[in-house]
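> Line by line, the protein sequences are chains A and B.
Just so you know, our numbering puts 60 at position 58 of the first sequence, and the rest follows in order with no gaps.
Just so you know, our numbering puts 18 at position 16 of the second sequence, and the rest follows in order with no gaps.
I should point out that these hints are in silico values taken from the structure, not numbers from a laboratory.
Take the hints with a grain of salt, since some may be wrong.
No copy is singled out in the list; a pair is fine if it fits within one copy or between any two copies.
What the hints assert, rightly or not - With a straight-line cut-off of 25 Å between C-alpha atoms, the simulated DMTMM-like cross-links for lysine to aspartate or glutamate are:
#1 Lys64 - Glu117
#2 Lys153 - Glu27
#3 Lys234 - Glu27
#4 Lys314 - Glu248
#5 Lys64 - Glu140
#6 Lys288 - Asp301
#7 Lys310 - Glu140
#8 Lys153 - Glu117
#9 Lys270 - Glu140
#10 Lys153 - Glu311
#11 Lys235 - Glu291
#12 Lys64 - Asp229
#13 Lys268 - Glu140
#14 Lys309 - Asp84
#15 Lys235 - Asp148
#16 Lys235 - Asp4
#17 Lys153 - Glu30
#18 Lys234 - Glu159
#19 Lys235 - Glu27
#20 Lys309 - Glu266
#21 Lys235 - Glu160
#22 Lys288 - Glu266
#23 Lys235 - Asp301
#24 Lys41 - Glu30
#25 Lys309 - Glu140
Model, not experiment: these values are computed from the prediction.
For reference, the chains in residue letters:
Protein chains: 2
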Amino acid sequence: MDVNQIATKINQEIAALQYGQHPPELYEPIRYMMSLGGKRLRPVLTLLATSLYTDDWQRYAKPALAVEVFHNFTLMHDDIMDAAPLRRGKPTVHTQWNNNVAILSGDVMLVNAYELLLELPAQQLAQVIRRFNRCAAEVCEGQQLDMNFEKQPGVTEEDYLEMIRLKTAALLGFSLELGGLMVGADHTDTTLLYELGESIGIGFQLKDDLLDVFGEQAKVGKQVGGDIMANKKTFLLIKALQEAQEQDLEELTYWLNQPSFVPEEKVKAITAIYERLDIRQIAENKMNEYFALGMFCLDRLHANTAKKEALKQFIEQIIAREN
Amino acid sequence: MDVNQIATKINQEIAALQYGQHPPELYEPIRYMMSLGGKRLRPVLTLLATSLYTDDWQRYAKPALAVEVFHNFTLMHDDIMDAAPLRRGKPTVHTQWNNNVAILSGDVMLVNAYELLLELPAQQLAQVIRRFNRCAAEVCEGQQLDMNFEKQPGVTEEDYLEMIRLKTAALLGFSLELGGLMVGADHTDTTLLYELGESIGIGFQLKDDLLDVFGEQAKVGKQVGGDIMANKKTFLLIKALQEAQEQDLEELTYWLNQPSFVPEEKVKAITAIYERLDIRQIAENKMNEYFALGMFCLDRLHANTAKKEALKQFIEQIIAREN
């Protein structure tokens with residue numbers, strides 16, 4: 003099992019994908035979106051899971067792309083909903099074309115994801131599609147909750163963890179589970195694979211929340227404090243609102259309600275409140291809890307110890323990343 | 003085979019459908035959309051096709067709903083793209099909620115359509131989903147072409163027929179084909195069922211184009227001349243632009259380019275041009291060609307003559323409708 007070999011194979015398969023030709027307004031945005039790059043983390047995880055059980059993982063590369071195409075479909079529609087101008091430094095589809103094109107191209111991408119799953123043998127199809135459907139609905143539920151939270155007072159830690167489980171972690175769970183399902187791993191293992199993905203998915207999101215505030219600008223590659231400036235309800239803010247009292251609560255509320263402010267001042271003030279309330283440590287503990295839970299699932303898989311170790315190392319690498 | 007019995011069963015199954023609960027912004031619009039009613043033509047056609055081959059058609063009602071849920075998904079997204087305020091006299095989903103809700107609820111509806119197909123036995127699934135995927139992509143292609151046509155000069159009769167084949171007829175084709183696929187009808191018959199649906203689908207759209215101009219307001223139930231007022235590129239207008247010469251062409255172009263006008267005057271003038279150019283007859287001939295092609299497919303099905311006759315009568319009833 004070699005992660006680089008898997009990533010290379012995934013990128014080759016993506017480059018070879020045929021989405022359709024006519025009308026170009028429908029298919030060009032799909033090619034554009036898929037060409038923006040990224041780490042292809044989801045299908046790489048799928049094939050890493052597959053390679054736990056078979057050396058012949060190469061033949062599963064095409065159906066593994068279903069999770070990457072699905073992921074990019076959600077990004078295309080999310081970018082409309084979030085009115086995001088840029089994605090990986092390039093104009094988003096709805097900016098480059100228009101909203102209608104982004105809606106309709108996204109719809110076809112979702113259909114394309116199902117088409118990729120049809121590469122699987124008939125006897126696996128019903129189970130894989132049933133699990134994929136559940137995951138797809140959960141990702142939509144998570145996106146809706148995320149939008150709701152913007153205007154919703156009193157979002158709790160529990161609400162937030164459930165939202166990121168749905169929006170982010172469910173697809174990482176399914177990506178790993180798919181790897182097991184494709185090679186006929188037993189139910190215990192496919193469940194453990196799902197829980198591994200779900201746990202590290204929640205951990206990754208908590209890490210993102212932490213990096214936004216405590217990351218080094220040069221390494222993170224985006225402006226530190228973006229979430230703070232936007233009043234984004236991250237784990238850190240929710241926890242701080244829960245923990246803060248008197249002076250701290252007053253100051254936090256003040257900054258959240260300022261219609262205009264000097265960005266650096268707001269970021270500095272809220273970061274200082276986080277520090278005083280030990281929010282960084284609380285969030286890191288929570289994150290490490292989820293990573294540990296994931297590793298516990300990985301340990302219990304009925305697979306070759308050396309191969310499990312390789313998957314573990316790959317996940318630890320992603321955990322250690324600074325962007 | 004009793005069409006009313008089939009329609010009753012379809013409505014019962016729709017009423018019993020569970021889409022999900024939380025968050026309500028995601029699932030309430032689906033229930034709302036599905037409760038707006040309509041003739042449920044597509045799943046009724048599916049079960050009518052099924053009943054050509056088996057008396058036990060009732061057990062296929064749930065997977066047949068996939069085509070109705072898919073159809074309503076396309077309406078929910080189309081209404082955003084067309085900025086349509088009303089659907090069956092009620093506010094559209096993006097009007098009642100907002101665009102983001104309509105995008106995301108629609109996405110989940112598409113997932114729900116696939117979930118309904120999972121009711122089918124494993125050995126049929128790959129084939130059914132492959133055909134469904136093709137159909138779903140074609141419907142999106144048709145919608146994109148329809149939007150393109152608004153700004154595209156020189157749309158030909160051939161372009162138009164291809165657009166309505168994709169946007170409207172492909173799903174009617176698949177609806178009938180699905181009925182055959184579910185009961186294991188042979189490839190000749192499932193192909194004929196598809197072609198039957200595709201042909202009458204094109205015929206229905208041509209009939210819609212005709213009714214907009216030549217229908218009786220009371221029977222049609224919507225304002226006569228709506229397409230003319232909106233410069234909609236229907237079969238009639240495309241044909242008239244192709245046939246008109248000198249005085250007629252000049253007058254037609256005049257009305258198409260008037261930024262403001264008295265609606266009745268424009269409708270009257272363009273209708274008169276259609277009459278002079280015999281466009282009504284040309285369109286009716288074309289429509290009848292497609293209906294005849296459909297009936298020719300129906301005749302060739304390897305099914306019981308009495309049952310084929312019942313399906314034929316049902317289709318003739320829809321053809322004879324005035325709205």
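> For each hint given before, does the structure comply? Return the numbers of the non-compliant ones in rising order.
Violated hints (numbers, rising): 4, 7, 8, 9, 10, 12, 13, 14, 16, 20, 22, 23, 25; every other hint is consistent with the structure.
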